[in-house]
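I would like the entire structure built from these sequences, with the hints used as guidance.
For the sequence shown, counting from 1, position 58 maps to 79 in our numbering; every step adds exactly one.
There's no promise every hint is true.
In silico PhoX-like cross-links for lysine-lysine, where the CA-CA straight-line distance does not exceed 25 Å [stated by the list, open to error]:
#1 LYS89 to LYS37
#2 LYS89 to LYS57
#3 LYS57 to LYS39
Derived by calculation from the structure, the hints in this document are not laboratory data.
Predicted model, so just to flag it, every value in this text is computed and none were measured.
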Amino acid sequence: DIAHSLGLSRVQLYRKVKAVLGTGVTDFIQGLRLTKSRQLLLEDGLTIAEVAYQLGFSSPAYFSTSFKSRYQMSPSEFRALHTTPSV
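Rendered as structure tokens:
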């Protein structure tokens, strides 16, 4: 456990992370996952479900909801906007 190895309680660790990053641990990790998802969505051959599961989301639906909440577009819309159709 990270908190224990640092000599902190879990609550102390969460408070310190929030003070430094300006966001909670869970939100920070979620942000990292969603940032990585944008890269994976642009790679050929990965479905939206595969991206979701590869990044640790519990379901493709939850991933899509989280993505849309952060970027104001669905993963499908993001992919369509940032890729060119193959001929």
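Results for each hint:
1. The hinted pair formed by LYS89 and LYS37 fails the criterion: a straight-line CA distance of about 29 Å is larger than 25 Å.
2. At roughly 15 Å between alpha-carbon atoms, LYS89 and LYS57 fall within 25 Å of each other, so this suggested pair holds.
3. Taking the CA atoms of LYS57 and LYS39, the gap is about 21 Å. The hint holds against a cut of 25 Å.
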